[in-house]
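Engineer: In order, the protein sequences belong to chains U and A.
Add 56 to the 1-based position in the first sequence for the working numbering, that's all there is to it.
Add 851 to the 1-based position in the second sequence for the working numbering, that's all there is to it.
Everything labelled a hint here was simulated from the structure, so no lab data went into it.
Careful, some of the hints might be misleading.
[Unchecked claim] Derived DSBU-like pairs (lysine-lysine); straight-line CA-CA distance at most 35 Å:
1. K1122/A x K574/U
2. K1122/A x K1153/A
3. K1153/A x K853/A
4. K1249/A x K574/U
5. K452/U x K254/U
6. K1249/A x K1153/A
[Claimed, not checked] Here are some of the chain U residues that sit facing chain A, going by a computed Cβ distance under 10 Å:
7. D125
8. A134
9. I231
10. M235
11. D303
12. R561
[Unchecked claim] What the simulated footprint calls covered on chain A by chain U, stretch by stretch (three residues with Cβ under 8 Å from a Cβ of chain U suffice, anywhere in the stretch; the number is not a length):
13. 1086-1094
14. 1210-1220
15. 1252-1261
Glycine included, each C-beta is placed from N, C-alpha and C at the ideal position.
Okay, here's what each chain looks like letter by letter:
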Amino acid sequence: MSGGIPHAEALAAWRARMPAPARALALPVPELLDCFHPDHRPGAIVPLRVGASAGLPCRVELAALLQSDSLVEDVDIAGAPLLDADVLVIGGGGAGCVAALTAARAGARVILATKLRLGDSNTVMAEGGIQAAIGDEDSLQRHFEDTLRAGHFMADKALVAALASDGPGVIRWLIQEGMSFDLAEGSERMGGSLLRRKPGGATAARLLSYRDFTGLEMMRALREAVLLQPGITLLDRHPALELLTDDRGRCAGAALHDLAQGRTVLARAGATVLATGGAGRLHIAGFPTSNHYGATADGVVLAYRLGAALREVDSFQYHPTGIAWPPHMEGQLVSESARASGAALVNGLAERFVDELSTRDVVAAAILREIAEGRGILRGDRAGVFLDTPGLEREKPGILGRSLTTLAHLAQRAGFDAAAEPFLIHPTLHYQNGGVAIDPDGWSGVPGLLCAGEVTGGLHGRNRMMGNALLELVAFGRRAGHAAATDARVERPRNIGLNHLADWRRALIAQDLPLTLKAPMIFPPYGNFNMATERGKAA
Amino acid sequence: MKVLTDERICVGADLAAWMAAGAAAGLENALADPAGIIPTIEAAGLRGLGGAGFPTHRKWSAVAAQPGPGKWVVCNGNEDEPGTFKDRFLLSRTPHQVIEGALVAALAVKAANVVLYVNPREAAAVRVLREAVTQWEAHPLFARLSEAIGEELHLLVITGSGLYVGGEETAAVASVMGGFPFPTLKPPYPAEKGVNSAPTLVNNVETLAHAGQILRHGPEWYRGLGLGGAPGTKLFSLSGDVLRPGLHELPMGTSLHSLVFEQGGGMLGGKSFKAVFTGGPSNTLLTADDLDVPLDFDNLRKRGSRLGTGAMIVVGEGTSILRKTAEYVAFFAANSCGQCPPCKIGTHQVSRILERVEAGAGRPGDLQALENLAELLPGSGRCGLVDGAATVLASSLKAFRGEYERALRRG
C-alpha cells in the first residue's frame, strides 16, 4: 500500500466537512478499470498450457494450481476403504445440499462429502438476497436480459435462460423446505406476499430476502432438510483429494481424505456432483477475501485434471466494501445494502469520489485508485476508505438498528459504534465469475461428472449480478442432482482408479511444468497446512 | 530398424501403393519356389509372436505334411489382452503386409482357405481389411496362387466374438466355425484337426507379417535384425508409468532397460522403477533386478518369465502392484469361458479376495488363501487362462508381499 492520510487526521477531516462533498470522477470508466482493477494488472493473466482449455487466459494464482500434480498416487488408494453410492456430492454448501436432496428424493443413494462441516460455506454469508422474477411487472425475459447485460453479454444464454426460468419454482421450493422470507408491509393477513427490492443493475424489483442474512436462513432450512432426508450419508471433514475414473475414462467417484482419522477413503459412485464453491482463499493479487476458510478452488482443479473445459477463469469479483480494520476482521463483508440505502464512500480528504451505486468492479477500482494515489486512509499497516455509516444514520434515523442488523453487529464486534464512526473498508476478493463449463443440466462434458454452484462458469459472464448466486445454487443444484440420479441408475463403475493421472503427468512434463506442486490446496497454507505432508496423520 | 512399422509401407488398404512400394516381392519369391518357403522360415528362426514363441516352421511343416484338400490358414488378430495393441496397428495401417504373409503361409502348407480372424471391436481394422481383401481378389497374383495351390483360393475376413479367450488357437478355430470360442483339449492340435476337422494353421498377425518380409529379404537379413543371437524385430506395446508409451518396434533381444529408459523416455516424473507386467499380463513380473534382461523368448524364459505378446506394462513407484494385479485377475475372471470349473471358480475366487483386500476389507487369512490358490490353480484348465491368472498372482505376491500386508493393515 502506498502513502495515505493517517486515520486520526482523516477522521478529523471527515467530522469537520460532513456531509462530504463529491469530487468529480475525472477518469472515464474503461481507463479506471484498466489502471486500477486487479484483473487488469500486468502479469495477472497467463494462458493455460495444458488441459482441455489450453490457451484460455487464467489468473496466474489459479493457473499454478490448475497445472499441478495430484496429491495421491495409485499406492495410496490400495487397501483404502471403499464406500458405495449412486451419487456422490462433493461440497456441503448450498448447491451441494440441494443436489444431494434432489438426488436422494429421486431414489438415489447419496454420499454428501464436505471439507469442513455441513453448511460451512459461502452460502451462509450471502446477505443481500435471491433473485426471482415473481413480480406482476416483472418477467422471466427481463431477468434473463438483466443478467446477460450485467455479465457484459459474455454469459452462456442457455444457462441464463435456465436460471431465470427456474427462479419462481426455486422460491416455491425453498418455502416448502421451510425457508422464511421477508414479507411486504401490510400483507401479513392473507398469508403475506414476498417483499421485493430492486437489486443493482436490474430493471425490476425482484430481490427477495430474509433480513440481511438471507443465505444463512437458506442454509438453515437446507441443512435441516439434509439431516432429515433418508438416503443421504453425510461425511463431514472429508475433503476430496482426487476424482476417480473407471476404465472408460468416466468419472466414478472420488478419493476423499478422512481428516479425523488421517486416512484416505474411496467413494465410488455412478455420478459425481462437484459443488465445491469458489477460490477466495487463494488471495488472488494479495487481496483479503470475504470467502470462508475452505474456498480454495479444489473443484475447478479436480475437474480440469479430469478433462473438463473451463471458462472465464480470468474474471473474479472484488466486493468494494470489505472490512480493512481491525485486522482480525479483514475481508469480511459490509453488506451492499449499506450503499444501496445511501451510505457514502469517503476518502482521506473527506471527499466522495465515486457513484456508490455503480457496478462492483467500478466502485472497487475507484477505491483502489484513491489508495494508490495517496488519498486513502492509513490505520496501522492497513489502508482503505471510509464507509460513512454515521452519515446514513443521520439521514435515515434508526436504519442501522432496523434493517442493517448484521452491519451494526459487525461494528460492535470491531469495537465501535457504526452510528458514530465510519467503517474503514477496502475491496475484498468475493466471487469467482468463471469456472467449469457446464450445460443446462449441469454436465461438465466429462461423463459421470456434474457441477453446480460457484465452481461452474458461464452463468455470470464477466460480472455477477447480486442475488443471482443464491438462485444459481438452488436452480443448478436441483438440475445437477436430478440429472445425476437419472444417470446413476444405469451406471455401475468398474475398475475404478486414477487412470487419468498418467496422461496428465505426461502433459505437464511435455510443457516443462514441475510435478512438485501438488493440488488441490484443501486449506490455505497460512494455517501451517500442507495436504501433501498431512496425509497419514490423524487430525 | 523399423520393418513392420516402416512409415513407407503404412499405406492402408491401397493395394496399388503397396505393390508400388515393391512389397509384393516376398510373394513373388514364394511363388517361384513354393517348396523353399518352409526351409527359408526355418533358416530365419521365426517364432510365434502371439505369445508362445513356438518355432513357426514346425507348425507349418506339420500342416504341410497333412493331406489336402480343404486345409485352412487362420491369421489370428483377436488381440484383447490388457496392454497389448500391436495387431490392431498392423491390421489397420499395413493390412497388405499381413495378408501377404498369410498368403505365403497358405502357399507353403497348400491351404486354399485363408481366414483373417479379427476382433470386431477393432472396427477400423475390420473395415480396412475388408477393403484390402476385395483388392487382392481382383489382383492377378491371386489367380496364380490358386493355380499353385491347386484349389480355388478363398480369402475371408471373419470377426469373432471379441472375447479374450477367443485368441487361444483352438478357440479361434471354434470361432471361425461360427461357435462360441471354447478352447478344446490338445491334442489334437489344429494342425491335425482344425476348422471343419481339416488341418489348420493358426498364426498370429505379427508372425505372418514377418513371414512375408523374410521371403522378400531372405533369412540372413532377418537374423541380422536381432541382437545377441535372437532373430528379427519385435513390436513392444509399452504402457504404464513411462514418459512415452506406445508401440515400439525394436530388435529382438533389446534390453528392458533400453526399452523403458531410451525408447520409453524413462520413468514418468522421474519416479523409480518397480516392475513390469509382461504381456498380456499373464506372466511372472520383471523387477528392477531384471532391467538388464534382453527381451527375447529364451532370455526371459531363463528369468522365469515370458515375452508373451510383447506388452510391457511398466509400474513405477506410486503405482500399486496390488491394484494392478487385482485389475488383471478381474479381467481373467471376467474372461474365463467357464468350461473348466477350476478356472471358472478359481479366477473368480482370487479376484474376489484381491478386490476386497484392495478395497480395505481384507480378512485375516486372505494372504494365505491367495498363496494356496496360486499353488492349486495352475494347469487345471484346458487352455492357459487360469495359469496366467495364477502366475501373475504368485509373482506379485512373491516380489511385493509388503504391499499386500500394508493393504490388509489399512483396512
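Engineer: With a cut-off of 10 Å on the beta carbons, see whether R561/U makes it to chain A.
Structural biologist: holds (5 Å)
Engineer: Are the Cα positions of K1122/A and K1153/A separated by 35 Å at most?
Structural biologist: holds (28 Å)
Engineer: Could you grab the alpha-carbon distance between K1249/A and K1153/A and see if it respects the 35 Å cut-off?
Structural biologist: Distance of about 18 Å is within 35 Å: holds.
Engineer: Could you check if M235/U really has its C-beta closer than 10 Å to a C-beta on chain A?
Structural biologist: violated (40 Å)
Engineer: Using Cβ atoms only, decide whether A134/U comes closer than 10 Å to chain A, and label the hint accordingly.
Structural biologist: holds (4 Å)
Engineer: Between K1122/A and K574/U, is the straight-line Cα distance small enough, at 35 Å or below?
Structural biologist: holds (15 Å)
Engineer: Quick one, are K1249/A and K574/U close enough, alpha carbons at most 35 Å?
Structural biologist: holds (33 Å)
Engineer: In terms of beta carbon proximity below 8 Å, does the stretch 1210-1220 of chain A have 3 or more residues touching chain U?
Structural biologist: Since 4 is at least three, the answer is holds.
Engineer: Regarding the hint that D303/U lies at the interface with chain A, is the smallest CB-CB distance below 10 Å?
Structural biologist: holds (8 Å)
Engineer: How does the coverage statement for the stretch 1252-1261 of chain A fare against chain U, requiring three or more residues with Cβ below 8 Å from a Cβ of that chain?
Structural biologist: That given contact holds, which follows from 6 residues of the stretch 1252-1261 of chain A lying within Cβ reach (below 8 Å) of chain U.
Engineer: Would you mind confirming whether the straight-line C-alpha gap from K452/U to K254/U stays at or under 35 Å?
Structural biologist: holds (19 Å)
Engineer: CA of K1153/A to CA of K853/A, is that 35 Å or under?
Structural biologist: It holds: about 27 Å lies between the C-alpha atoms, which stays within 35 Å.
Hint compliance for this structure: hints 9 and 10 are broken, all remaining hints hold.
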